[in-house]
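Asks: Residues per chain, in single letters:
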Amino acid sequence: MHNNYHSHLLNDDQITSFIINGYHIVHPELQTGFNEKICDSLRSMPENPGEHIVEALPAISVVLEHPAVVGALTSLLGSKYVRDPGGHIHMNPPRTRAQPWHQDERFGRGHQDRDIDHVKQLMMMYYPQDVTDDMGPTVLLPGSQRRIAAPETMVTLVNLRGQVFSTLEAGSVLLTHYDIWHAGTGNRSDRVRYMIKFPFSRTEENVEPSWDHDTENIPEVRMRLDSEHPSTLSRNEYETDHGLRVRTWNNMAGSAAMPLRSEAHLGGPWPESGGATTASRRRRDNP
Amino acid sequence: MVGFAIHEPVDSDPPQIEVGVEMPYETVHSAILDGWRVVSFPAQRGGEDPEAVGVYGYEFILEQMVEIDA
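Going down the list, the sequences are from chains A and B.
Numbered by our numbering, the letters in the first sequence go through residues 1255 to 1541 in order.
Numbered by our numbering, the letters in the second sequence go through residues 3 to 72 in order.
Keep in mind that the hints were calculated from the coordinates and are not lab data.
Do not rely on the hints blindly, as some may be mistaken.
[Said to hold, decoys possible] Chain A stretches covered by chain B per the calculated footprint, using a threshold of three residues with CB under 8 Å from any CB of chain B:
1) 1295-1302
2) 1428-1440
3) 1493-1504
[Stated by the list, open to error] Which chain B residues face chain A? A few, computed with CB under 7 Å, are given here:
4) Val4
5) Gly5
6) Pro11
7) Ser14
8) Pro17
9) Ile19
10) Pro26
11) Val30
12) Ala33
13) Val57
14) Ile63
15) Met67
Ideal Cβ placement from N, Cα and C applies to all residues, glycine included.
With the sequences and hints as input, model every part of the structure.
Replies: And the structure:
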């Protein structure tokens, strides 16, 4: 592991965004031509090496060990994180159809055994070429890592409010909460879209934040955790999702945990005629 | 409206996730006002686990008949 990853640790605001949305994008500075060489190597592979990616593509270690990637992984999974067995090279050739929404499976665990209030496992996705709108970008549903759903309940879902697409520059690394809803979309271009995916896990709980934390940021963190909800939530889901966001911070932050309940978001202007009946309801409906 | 998919009664691929699509309506009610009719109401049910956020419920199936040039 590089010794100079400390300057690449995430800050409180980035950790808060990850908790709320379930993903973070890293832009490691890679040598000129590196991504092209990776693409050339992928094109010359006679078949998919399965989980033996590093053996088949040793140069990928440059990405796995890049200080910016190590710094982000350390921030999100603690300093003793490990790369799990598995991983996959995704090749999305021209004229494919979108995958259905799904959460990745985990061996031996049912769909209900998700980490809805913690970050214990991540998926890293490295894109060795630019990914444009028409090249089948990965689609994510921000905040959906807290939503437990059996696969069969997703089959009728297609376009969802708030969905975001990973249209990224070559060399970008997308880190997602393992349980976020996602899918590969259809490639309507005439170019192949590659993506290399690796799972990572936390091995120990933090006793203090493993990122660049400053206690003075706690009020701002609290405000965001209380008020930002990227997915559309029903009224009876709102408080549950809010609690899960705060519990996730607490499970990651160790000594920097905060009280579960806060009534600060209930304050604010009186309701306006013709609008929502309370300020909190207005925030709920108009994040 | 949280999500939507339009299934047209013609020989075509099923709908899929696409970049750049916008919700056709803000609410089911606004779709009804635009001529769609409800052919299936969602099964009303409470959350299965009060400590978790679950599946998207309230799935309406709407239908609209339109004239086309044969």
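Asks: All hints, please: hold or fail.
Replies: Do the hints match the structure? See the list:
1. 1295-1302: violated (count 0)
2. 1428-1440: holds (count 3)
3. 1493-1504: Holds: 3 residues of the segment 1493-1504 of chain A have a Cβ under 8 Å from chain B.
4. Val4: This interface hint holds because 5 Å falls under the 7 Å limit.
5. Gly5: 4 Å, holds
6. Pro11: 17 Å, violated
7. Ser14: Interface hint status for Ser14(B): violated (12 Å vs cutoff 7 Å).
8. Pro17: Check passed: Cβ of Pro17(B) comes within 5 Å of chain A, closer than 7 Å.
9. Ile19: Holds, because the Cβ-Cβ distance from Ile19(B) to chain A comes to roughly 4 Å (cut-off 7 Å).
10. Pro26: Since the shortest Cβ distance to chain A is 10 Å, the answer is violated.
11. Val30: 14 Å, violated
12. Ala33: 15 Å, violated
13. Val57: With a closest approach of 4 Å, the Val57(B) hint holds.
14. Ile63: Nearest chain A Cβ about 9 Å off; hint violated.
15. Met67: 22 Å, violated
Checked against the numbered hints above, the structure violates hints 1, 6, 7, 10, 11, 12, 14, 15; every other hint is satisfied.
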